[in-house]
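**Student:** Generate coordinates for the entire structure from the input sequences, incorporating the hints supplied.
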Amino acid sequence: MDKIIIVTSLLLMVLGCTTKENKMNPFFEEYQTPFQIPPFEKIEFSHYVPAFEAGMQEQLKDIDKITSNGETPSFENTIVELERTGKILDKVSNVFFNLLGSNTNDDMDQLAVEISPKLSAHGDSILLNKELFDRVEAVYQSKSDLNLNTEQNRLLDETYKRFIRSGANLDENGMKRLTAINQSLSSLSVNFDQNVLKETNGFSLIIENEEDLSGLPAEEIRQAEKLAQSEGHDGKWVFKPTRVSMYPFITYSDQRELREQLYNSYVRRGNNDNEYDNKAIILEMIALRIEKANLMGFDNHADYVLDNTMAQNTDRVNDLLQKIWKPGLETAQKEAQDMQDLIQKEGGNFKLAAWDWWHYAEKIRQSRFNFTEEEVKPYFSEDKVLMGAFDVANKLFDIHFVERDDLPKYRDNIRSFEVKNDREETIGIFYTDYTVRPNKGGGAWMNTFRSQSKFDGNVIPLVVNVCNFPPENEDGVSLLSFEQVETLFHEFGHALHGLLSEANYPSLSGTSVTRDYVEFPSQMMENWAREPEVIKSFARHYKTGESIPDDLLGKISEAGTFNEGFGTTEYVAAAHLDMAWHTNKEQISDVNAFEQKALDDLGLIPEIATRYRSTYFGHIFAGGYSSGYYSYLWTEVLEADAFEPFREKGLFDKETADKLKKYVYSAGNTDDLMTQYIRYRGSEPEIEPLLRKRGFD
Numbered sequence: 001m002d003k004i005i006i007v008t009s010l011l012l013m014v015l016g017c018t019t020k021e022n023k024m025n026p027f028f029e030e031y032q033t034p035f036q037i038p039p040f041e042k043i044e045f046s047h048y049v050p051a052f053e054a055g056m057q058e059q060l061k062d063i064d065k066i067t068s069n070g071e072t073p074s075f076e077n078t079i080v081e082l083e084r085t086g087k088i089l090d091k092v093s094n095v096f097f098n099l100l101g102s103n104t105n106d107d108m109d110q111l112a113v114e115i116s117p118k119l120s121a122h123g124d125s126i127l128l129n130k131e132l133f134d135r136v137e138a139v140y141q142s143k144s145d146l147n148l149n150t151e152q153n154r155l156l157d158e159t160y161k162r163f164i165r166s167g168a169n170l171d172e173n174g175m176k177r178l179t180a181i182n183q184s185l186s187s188l189s190v191n192f193d194q195n196v197l198k199e200t201n202g203f204s205l206i207i208e209n210e211e212d213l214s215g216l217p218a219e220e221i222r223q224a225e226k227l228a229q230s231e232g233h234d235g236k237w238v239f240k241p242t243r244v245s246m247y248p249f250i251t252y253s254d255q256r257e258l259r260e261q262l263y264n265s266y267v268r269r270g271n272n273d274n275e276y277d278n279k280a281i282i283l284e285m286i287a288l289r290i291e292k293a294n295l296m297g298f299d300n301h302a303d304y305v306l307d308n309t310m311a312q313n314t315d316r317v318n319d320l321l322q323k324i325w326k327p328g329l330e331t332a333q334k335e336a337q338d339m340q341d342l343i344q345k346e347g348g349n350f351k352l353a354a355w356d357w358w359h360y361a362e363k364i365r366q367s368r369f370n371f372t373e374e375e376v377k378p379y380f381s382e383d384k385v386l387m388g389a390f391d392v393a394n395k396l397f398d399i400h401f402v403e404r405d406d407l408p409k410y411r412d413n414i415r416s417f418e419v420k421n422d423r424e425e426t427i428g429i430f431y432t433d434y435t436v437r438p439n440k441g442g443g444a445w446m447n448t449f450r451s452q453s454k455f456d457g458n459v460i461p462l463v464v465n466v467c468n469f470p471p472e473n474e475d476g477v478s479l480l481s482f483e484q485v486e487t488l489f490h491e492f493g494h495a496l497h498g499l500l501s502e503a504n505y506p507s508l509s510g511t512s513v514t515r516d517y518v519e520f521p522s523q524m525m526e527n528w529a530r531e532p533e534v535i536k537s538f539a540r541h542y543k544t545g546e547s548i549p550d551d552l553l554g555k556i557s558e559a560g561t562f563n564e565g566f567g568t569t570e571y572v573a574a575a576h577l578d579m580a581w582h583t584n585k586e587q588i589s590d591v592n593a594f595e596q597k598a599l600d601d602l603g604l605i606p607e608i609a610t611r612y613r614s615t616y617f618g619h620i621f622a623g624g625y626s627s628g629y630y631s632y633l634w635t636e637v638l639e640a641d642a643f644e645p646f647r648e649k650g651l652f653d654k655e656t657a658d659k660l661k662k663y664v665y666s667a668g669n670t671d672d673l674m675t676q677y678i679r680y681r682g683s684e685p686e687i688e689p690l691l692r693k694r695g696f697d
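Each residue of the sequence shown is one higher than the one before, counting from 1 in the working numbering.
Bear in mind the hints are in silico, worked out from the structure with no lab data behind them. One or more hints might be untrue.
[Said to hold, decoys possible] In silico DSBU-like cross-links for lysine-lysine, where the CA-CA straight-line distance does not exceed 30 Å:
| id | residue 1 | residue 2 |
| --- | --- | --- |
| 1 | Lys395 | Lys662 |
| 2 | Lys384 | Lys662 |
| 3 | Lys65 | Lys143 |
| 4 | Lys198 | Lys440 |
| 5 | Lys198 | Lys279 |
| 6 | Lys176 | Lys87 |
| 7 | Lys384 | Lys363 |
| 8 | Lys662 | Lys693 |
| 9 | Lys363 | Lys351 |
| 10 | Lys454 | Lys395 |
| 11 | Lys87 | Lys409 |
| 12 | Lys420 | Lys662 |
| 13 | Lys176 | Lys118 |
| 14 | Lys555 | Lys345 |
| 15 | Lys693 | Lys536 |
| 16 | Lys454 | Lys659 |
| 17 | Lys454 | Lys65 |
| 18 | Lys649 | Lys555 |
| 19 | Lys130 | Lys61 |
[Unchecked claim] Pairwise CB distance ranges, derived in the manner of DEER restraints:
| id | residue 1 | residue 2 | range |
| --- | --- | --- | --- |
| 20 | Lys61 | Asp590 | 47 to 53 Å |
| 21 | Asn274 | Glu533 | 46 to 52 Å |
| 22 | Arg423 | Glu30 | 24 to 30 Å |
C-beta atoms are modelled at their ideal positions from N, C-alpha and C, and glycine is treated no differently.
**Tutor:** Encoded structure:
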């Protein structure tokens, strides 16, 4: 469909479908599929809008039933009934927004722009419904007399807090303005994300001369040739500003000017003063977020967001960032000097720049530890790494994964697994969508097509991991870098958080926790990916079946903290940039100038760029991490401390694993999160294990 079609016309066309077609809409029926998985093969684009509209109408009718109930407000007739609302809307939203991220097209992109503000307004119409809030508040005020259990108390507290934080106490004018702000922010967020994807897909580094491929591994050259063919550049080689394409190039290519060109295409996404430029969007979002925070009684957006986190305030966030920034920067400066020395030794007459870092870091790593990434990759085939992750879950949590080829799925090249416990009971369905492609968002994530719950029967979760791993090589195997091995385990940790959930209520299940806790279970799982004992169990050469040699495994372990100064510095810089944007209270007119000042104030060295520049910082402008990017570091404190008992007692110590499952992976948001952590660990976390892990002790 042509991109210039007006979205409104598209919606009118879709809304014009006949009553008969509506009745055939899969979202309006109980799914007649195994485990009630969405029947992807039957879902057409024309089904989405009618389902969204009907879903919103149905939920509002359910809300009316709650508010018109003449009985005294109670936990059951108000809080629990509120949990039951929105079934159709959940069904269509879970499918649409999952596929929007992992399998989108122009029609879906256009619909997202149109439907997102409508959904935002719909949510506000519920959370700003005074009659509904009066009932919720009445139950909340009487909770000491209700004899609720821990999870019921948590649901009541979280429900009440959600209404308060959504503006339920505002006056009528304030509510109207808040609704308008939320709609605008929703639309801007979608536009931001789509601009980044279009910028990413819109640039190609096209190489015509084979000598310009100097230094690149054979497999990277083959993949670039294959990509060129797919874009109509036969006989040439194409590299894109994506991690899976760009990182190998800037790591191995001998052509400094080409490294600079590709790197700059990556860091300038959304910042090219074209139709996909994100600077105006950022300025508008920041202004709206400040206004919203002020409406809610806070000085700035960060204060508003952090009020509902483990960190609670900006002082605690900044204190953590500073504790890790100083040792990280000192280490990074030493790393930069080592690279500059190597440049001089090789006769290079230039100063180390950001686009040189990967190239010279790899040279130093090879020299210092005597192995290359290309030596490692043949032992890390995607399938074997996944089986290794499954094996870890089995040993820790007594679950196993059975591949199913007969379950509905939204693409042919994804895999589906039935997850069973030690009693052979099915506890969830797990999808993996790993291969990079143009219609998939960048990065890696976990999501659900349905969350776990028990209050209306045992509803099992449908969980998906989406990554951007390399395509299959000429032998039909996708080979991963060690960093990608860690990514697979990380996202699998999120998946386990959803699959092992044992909550009664869906709004408390799985990953429905604060941003500075949700990364804890995922980062926790990365620890096993780094343990030689575990690596040895799955790292086998994809051709020979030979186990990874002990000397190579030893080198990987020895290099575990190599380049950690860089990794720490680029991350903390991004977290600081996030906080700078959202603690600011003044009007900003120049995105690049604001960003540069924030990084200069921090003391970021020019040889390192922040992990995300503002114009493609999707976590904070298109995701849910505004004022929350620090969360990865906050939760790394948790996971480094939480892994200590396994170091002391054994990687698969049964007693420790059972506690980890009960109080972390299965508990969801059913109780105070720090309380759950202390039940597992015995005390609040300490930062020393993190410093040791990063080599800063």
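**Student:** Please write out, lowest number first, the hints stated earlier that are contradicted by the structure.
**Tutor:** Violated hints: none at all, because every hint is consistent with the structure.
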